[in-house]
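Colleague: So the chains spell out like this:
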Amino acid sequence: MYAKTVVLKNASGLHARPASEFVACAKQFASKIYIKNLGDPEAVPANAKSIVRVLAAGIPVDTQIEISAEGEDETAAVDRLADLIETGLGED
Amino acid sequence: MKIFKGTPVSPGVAEGYVYLYQAFSCDVYETYVQSGEETTALSSYERAVRAADDELLHLIASFSAGNADKAKIFAAHREILADEEMDEEIRSAILSERQAADFAVNRVYTEFALLLSKVGDALIAARATDIRDVRNRLIRILHGETEKNLSTLQTPVVVVAHDLLPSDTATLDKKNVLAIVTEVGGTTSHSAILARSFGIPAVLGVPDVTEAFQDGIYAAVDAMSGEIYLEPDETVRRNIRKKRAAFLKDREDAARYLNDSGSLRDGTHIDIGLNIGSCAEVEPIRYCDFIGLFRTEFLYMQTDRLPDEEAQFSAYRDVLQQADGKPVTIRTLDVGGDKTLPGLSLPKEENPFLGCRALRLCLRNRDLFLTQLRAILRASVYGKLWVMFPMVGSLDDLRAAKEALAEAMRMLDQRGISYDKAVKTGVMIEIPSVALMAADVAAECDFASVGTNDLCQYLHAADRMNPDVKSYYQSFSPAMFRALRMIFDAFIAAGKPVSVCGELAGNPDAAPVLAGLGLRKFSMNAGSVAGVKRALRRFSLTEAQALAGQVCNLGTEHAVKELLAGLQSS
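Residue numbers (my numbering), protein chains in the order written: chain Y, 1 to 92; chain B, 93 to 662.
Worth flagging that the hints you see were computed from the coordinates, not collected in a lab. Mixed in with the good hints, there may be bad ones.
[Stated by the list, open to error] Straight-line Cα separation of at most 16 Å, EDC-like style, residue types lysine to aspartate or glutamate; simulated pairs: (1) Lys27/Y / Glu177/B; (2) Lys164/B / Glu21/Y; (3) Lys32/Y / Glu189/B; (4) Lys97/B / Glu375/B; (5) Lys210/B / Glu42/Y; (6) Lys27/Y / Glu171/B; (7) Lys94/B / Glu107/B; (8) Lys32/Y / Glu86/Y.
When you get a sec, could you build the whole thing from the sequences and use the hints?
Modeller: Quick look at the structure:
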């Protein structure tokens, strides 16, 4: 198990296209990958390969999120996804 | 050959193959498969997923570059179809609980849609609709039915349906609809208004057509006389083609007046306005002087959630920006009556048209109203914005509406957001009580626009949705014109603008009468502009005034119509 904490910077949160980008990227890895909204004390880790779960996590801008993975490519997966979020998921 | 008859609501003549439209109803029962049948159920699920994905790919490929928005929606549907968690849950429901494929799909997709609809962010919550769409697609495939959808027609067809919901018509694939035929509805129903604004021939209120017509059968629609021919013979088809040619020629003739300014023969200027329901309909503003009616309901009908301030603001701003600096009259939310909202549950009323609709509903749901008013005010800096309240019945209503607007202004002031402080405020005159109080209303607002459809229904106490009282709904009655004269006189005396944005303003027969009564602002659907401009040019002001006087002195609608028909033929 490997995890990293990052801050979401996209102005309108993790919705629509950014969420699609994120899920598409997660699907390239074999590991089980989770995304957790640290700003919500009741949040449970959401399956990062499920577009509906990621959307349902309802993550707004400036929120701390934890990305964790378990499996053969866990480090590469978490690093790559954390990087994707920090660079704004293809949005300006 | 069989002949059917209904109410022609949007002129034109067409022939073609029938497309019987029925909104798909997702009937799924709690079913389980026999022990040992699990893998068969699983493979039918897998086949359905592949078939759904193929349909989506096909749809995406069929959209042209200009339709990128629709393509995007279906690309999102493919992502949902490939959702790992929903897929896993469905598989496990089939394999370990022996649920039938359609039952498992229905349960899991419905649960996830519900989950999403509870998210605080309205944009995300709105995607629950997408999940339900994909669910319906899968279940339809599992039930072995073909797709029925008016937004994605493959060939030109005559659409036959029991009724079209505003959501069906809003996404209509216009270029492939030759004509519309429905069992319910009349001249002023939403289907009719949209058919006219798209220029699609339509006949509504035709009994039993969905039973008599099947997919692929040939039909001719005469939306001038209201006749529909099922499997027309050669003689009928020849006549239909002749009539169609004459109609197109007349429309072409009228089109020569399209770019002229609106005026009577002696040069008396008439402002011609445009009625719209979305930003997609603003383009014809180039040959009009103003937008006399921007209906905001459609914004509220697109999702299961009420649109938030941002979404509304950007829609209003888009219209203002495209309007070339010409005034845009935004009507605040007008629901209730025949229009319901997916995002707002309204109690069922005995008499919805006499119930809590439009402004009444907004005043009761203050947050809903204030959200819209803030969005409207914020858009006011992008052009000339006029705000109009529907269903004002008294000075109390007008004052309450203005008070709400003032509150919305204070809220924006607190947030430091700018808006046009002198935004014009007006009323829609459609309730007889306020027509009688026109002079008092004129003193307390900046302008008025007459909604002749509702005015006619309230004046004659005739439900405009009820075919049995159709003959009582008389939009050309002397009573109508006398009421209009009273309203126009009051606003002209007060020096305040008054317009008509109801169906009467787009009717070429009524045009000279209205001008003669003093009306100088007509607002209508794009499709009516050319015909009304042409009709106005046939009369001088003196002639129009004489005609208006004659009409008001007549005793029955029949006499009015006879008089006007006589003018046409002379």
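Colleague: Now tell me, hint by hint, if it's right for this structure.
Modeller: To see whether the hints hold, each was checked on the structure:
1. Lys27/Y / Glu177/B: holds (12 Å)
2. Lys164/B / Glu21/Y: holds (14 Å)
3. Lys32/Y / Glu189/B: Not OK: Lys32/Y and Glu189/B at ~25 Å, beyond 16 Å, violated.
4. Lys97/B / Glu375/B: Measuring from Cα to Cα gives roughly 35 Å; hence the hint is violated.
5. Lys210/B / Glu42/Y: Distance ~15 Å between Lys210/B and Glu42/Y Cα, so the pair holds.
6. Lys27/Y / Glu171/B: holds (11 Å)
7. Lys94/B / Glu107/B: holds (14 Å)
8. Lys32/Y / Glu86/Y: violated (21 Å)
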